[in-house]
Amino acid sequence: MNRPFRKTSAGLEEPRGRKHPGAAWLAGPYLLWALAFTVIPLVLIFWFGFTNADNQFTWSNLTSIGDPDNLKALALALLLATAATILCLLLAYPIALILAGLKSGSSALIAMLFILPMWMNFLLRTIAWQNLLENNGVINTILKFFHLPAMTLINTPGAVILGMVYNFLPFMILPIYTVLSKIDREVVMAARDLGAGPWQTFARITLPLSKPGVISGITMVFVPSLTTFVITDLLGGGKIQLIGNTIEQEFVQGSSWHVGSGLSIVLMIFVIASMALIAKYDPDSSGAVIGGQR
Amino acid sequence: MSDKLISIKNISKSFDEIPVLEKLNLYIRENEFLTLLGPSGCGKTTLLRILGGFEEPDTGRILFEGKDITALAPNKRPLNTVFQKDTLFYHMSVADNIAFGLKIKGKSKTYIQDRVHYALHLVGLDGFGERFPDSLSGGQAQRIQIARAIVNEPKVLLLDEPLSALDLKLRQDMQYELIRLKEELGITFIYVTHDQEEALTMSDTIVVMNGGRIQQIGTPEDIYNEPQNAFVADFIGDGNIFDAIMIKDKLVRLLGAEFECVDTGFGEMNPVDVIIRPEDVEIVSPEQGTITGVVTSVIFKGVHYEMDILAHNYHWTAHSTKMAPEGETVGIRIDPFNIQVMNKPIREDQETLVNE
Ligand SMILES: Nc1ncnc2c1ncn2[C@@H]1O[C@H](COP(=O)(O)OP(=O)(O)OP(=O)(O)O)[C@@H](O)[C@H]1O
Ligand SMILES: [Mg+2]
Numbered sequence: 001m002n003r004p005f006r007k008t009s010a011g012l013e014e015p016r017g018r019k020h021p022g023a024a025w026l027a028g029p030y031l032l033w034a035l036a037f038t039v040i041p042l043v044l045i046f047w048f049g050f051t052n053a054d055n056q057f058t059w060s061n062l063t064s065i066g067d068p069d070n071l072k073a074l075a076l077a078l079l080l081a082t083a084a085t086i087l088c089l090l091l092a093y094p095i096a097l098i099l100a101g102l103k104s105g106s107s108a109l110i111a112m113l114f115i116l117p118m119w120m121n122f123l124l125r126t127i128a129w130q131n132l133l134e135n136n137g138v139i140n141t142i143l144k145f146f147h148l149p150a151m152t153l154i155n156t157p158g159a160v161i162l163g164m165v166y167n168f169l170p171f172m173i174l175p176i177y178t179v180l181s182k183i184d185r186e187v188v189m190a191a192r193d194l195g196a197g198p199w200q201t202f203a204r205i206t207l208p209l210s211k212p213g214v215i216s217g218i219t220m221v222f223v224p225s226l227t228t229f230v231i232t233d234l235l236g237g238g239k240i241q242l243i244g245n246t247i248e249q250e251f252v253q254g255s256s257w258h259v260g261s262g263l264s265i266v267l268m269i270f271v272i273a274s275m276a277l278i279a280k281y282d283p284d285s286s287g288a289v290i291g292g293q294r
Numbered sequence: 001m002s003d004k005l006i007s008i009k010n011i012s013k014s015f016d017e018i019p020v021l022e023k024l025n026l027y028i029r030e031n032e033f034l035t036l037l038g039p040s041g042c043g044k045t046t047l048l049r050i051l052g053g054f055e056e057p058d059t060g061r062i063l064f065e066g067k068d069i070t071a072l073a074p075n076k077r078p079l080n081t082v083f084q085k086d087t088l089f090y091h092m093s094v095a096d097n098i099a100f101g102l103k104i105k106g107k108s109k110t111y112i113q114d115r116v117h118y119a120l121h122l123v124g125l126d127g128f129g130e131r132f133p134d135s136l137s138g139g140q141a142q143r144i145q146i147a148r149a150i151v152n153e154p155k156v157l158l159l160d161e162p163l164s165a166l167d168l169k170l171r172q173d174m175q176y177e178l179i180r181l182k183e184e185l186g187i188t189f190i191y192v193t194h195d196q197e198e199a200l201t202m203s204d205t206i207v208v209m210n211g212g213r214i215q216q217i218g219t220p221e222d223i224y225n226e227p228q229n230a231f232v233a234d235f236i237g238d239g240n241i242f243d244a245i246m247i248k249d250k251l252v253r254l255l256g257a258e259f260e261c262v263d264t265g266f267g268e269m270n271p272v273d274v275i276i277r278p279e280d281v282e283i284v285s286p287e288q289g290t291i292t293g294v295v296t297s298v299i300f301k302g303v304h305y306e307m308d309i310l311a312h313n314y315h316w317t318a319h320s321t322k323m324a325p326e327g328e329t330v331g332i333r334i335d336p337f338n339i340q341v342m343n344k345p346i347r348e349d350q351e352t353l354v355n356e
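Chains as they are written, first to last, in the working numbering: chain A, 1 to 294; chain B, 1 to 356.
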């Protein structure tokens with residue numbers, strides 16, 4: 001067959017998209033900010049983490065993670081953070097899907113309902129849950145009113161997971177909602193046109209296209225859950241000890257800034273490692289973890 | 001061409017109370033190449049979407065082989081669409097994009113591979129299978145969209161300005177390929193364009209639309225040579241369009257001069273519209289002309305000269321292989337056969353013309 005147009009096809013059409021040169025200086029203020037609030041604290045953490053009280057180099061701060069109590073706190077933190085992240089994802093995806101499917105006017109209003117709690121102080125929100133869950137709290141009072149047996153709700157792993165899910169759910173909803181609402185309606189139409197039913201379209205088009213949002217959502221829920229100490233303090237009542245609490249106590253109760261920094265570094269390594277793990281399962285959108293964009 | 005494959009009956013559609021399609025009636029025969037032609041915003045894409053099942057009409061029905069499919073889900077309709085916008089799946093390779101419909105249908109791996117290969121070859125993009133859509137140019141993306149639709153060998157293919165992003169040469173090649181493909185696979189084409197030349201060269205039937213209404217349905221020759229109203233005449237090809245008076249059968253007055261024509265049945269002393277194509281404007285010596293005028297500009301267009309002649313306060317456009325220099329006084333003569341007389345529209349919302 002004669003294909004006369006092949007020779008023109010490459011030459012005449014311009015590839016889409018190009019980078020804008022010379023805009024790098026715009027990043028200046030950001031670099032300054034990063035220096036003051038990211039680089040300097042990081043340097044300090046590393047300084048404390050690798051020295052002892054006599055300013056001598058040591059590995060002992062890092063290896064203190066091997067202490068059984070600390071290991072247990074880290075394992076529990078990983079477990080609870082994972083549980084909270086999975087719960088958030090299961091709750092957030094359908095909500096984001098519904099939000100993205102709504103007409104633009106009403107979706108903004110309903111999105112507000114989910115964002116509104118974020119405008120309340122984090123501590124206040126968590127203390128409110130404390131009041132609800134306490135042994136003499138709102139829930140048990142209601143149970144008592146109906147002559148039902150009281151339940152131990154506060155100071156359980158469940159209470160801590162609840163606190164994490166409640167506080168961090170919006171951080172899962174928002175990135176997924178953003179990605180979903182950017183998916184072109186016509187792309188979904190095209191899949192339907194090619195014979196895919198609603199479920200096939202979801203599985204093959206919508207879900208894969210929303211992956212970057214899911215990954216930033218996971219990151220934004222997992223990291224604060226893994227490192228939290230406030231939620232554990234308020235809803236775990238000292239009975240649940242996570243690695244975040246251990247580090248906090250090292251710093252605040254004046255035990256040792258050096259050990260605290262060492263454990264922070266270990267935790268940082270775990271965060272980076274888990275991000276790398278996600279990236280490995282999805283090499284396509286590893287950029288989403290770091291930059292939020294491909 | 002045989003039976004009606006698709007019947008569009010009384011379809012109306014409004015968005016936010018603004019009518020976009022108004023009581024449309026149209027049928028498409030099996031194996032026909034039907035083109036919807038009209039200015040931007042006249043409702044072409046909306047009509048295709050209703051056919052594809054992505055938009056619900058407010059009133060009316062769509063029949064496919066006699067069966068009502070108005071409420072059928074898009075994935076159950078025996079047609080595929082090449083969308084106007086880029087709707088490639090950006091998370092899949094080009095090959096996976098093309099294979100999408102076949103995978104859904106559960107075709108075998110080797111069959112799919114074969115078809116993808118064939119489709120890529122057909123659109124002149126052999127070897128592009130492993131690429132991802134974001135690495136394609138606009139024209140390449142459009143051709144992959146065509147490939148993605150045709151591998152499914154639908155009974156009807158809806159194409160919404162599928163060649164708009166291609167350069168002239170490539171567009172002509174693709175036009176030729178599409179027609180060949182249509183013959184080879186026996187697919188019925190419903191094609192949208194606002195490029196009148198594309199419509200004239202490719203179609204069996206052209207449907208000229210304006211403001212959500214059908215203005216005329218006919219073969220390319222009909223539409224070009226016998227436009228039914230001034231809108232069609234103006235939209236298709238260049239033309240000199242005049243407000244005129246039909247003095248009696250076979251005699252029409254325009255610009256104060258009387259011209260012989262061949263049309264009858266327009267009554268006596270009735271206002272009409274008249275179109276004269278530029279290539280039908282004969283330039284003769286002033287004595288021989290029905291009217292005379294002055295050449296105000298001459299442009300060389302390759303095959304012919306395009307001349308602007310100011311005669312009786314009207315700028316005539318004339319196409320001729322013979323050039324009359326700027327500033328010269330010339331006569332204009334029109335063969336009676338080349339004067340096309342049309343009724344004036346009765347009102348803005350003149351009854352829709354139907355091809356049945
Ligand atoms: N979903 C929608 N909501 C509101 N108005 C719409 C919608 N879709 C189309 N319209 C309007 O309907 C009219 C017809 O649109 P349509 O896309 O059918 O035009 P078209 O003939 O395909 O034009 P073009 O040649 O520019 O593609 C336009 O005025 C458009 O703004
Ligand atoms: Mg359109």
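Be careful, since some hints might not be right.
[Stated by the list, open to error] The calculated DSS-like cross-link candidates involving lysine-lysine, where the alpha carbons are at most 30 Å apart (straight line), are:
(1) B/Lys-9 x B/Lys-103
(2) B/Lys-76 x B/Lys-182
(3) B/Lys-9 x B/Lys-169
(4) B/Lys-169 x A/Lys-211
(5) B/Lys-85 x A/Lys-211
(6) B/Lys-85 x A/Lys-182
(7) B/Lys-169 x B/Lys-155
(8) B/Lys-9 x A/Lys-211
(9) A/Lys-280 x B/Lys-103
(10) B/Lys-103 x A/Lys-182
[As the list claims (entries may be wrong)] Counterexamples of contact, computed for chain A against chain B with all Cβ distances above 12 Å:
(11) Glu-186
(12) Leu-194
(13) Ala-196
(14) Gln-200
(15) Ser-256
Don't read these hints as lab results, they were simulated from the structure.
Predicted, not measured: the structure shown is a model, and the values here were computed from it.
Built from N, CA and C at the ideal position, the CB exists for glycine as well.
Inset, instruction - Please flag the earlier hints that this structure goes against, numbers listed from lowest up. - result: Those not satisfied are hints 1, 3, 4, 8, 11, 12, 13, 14.
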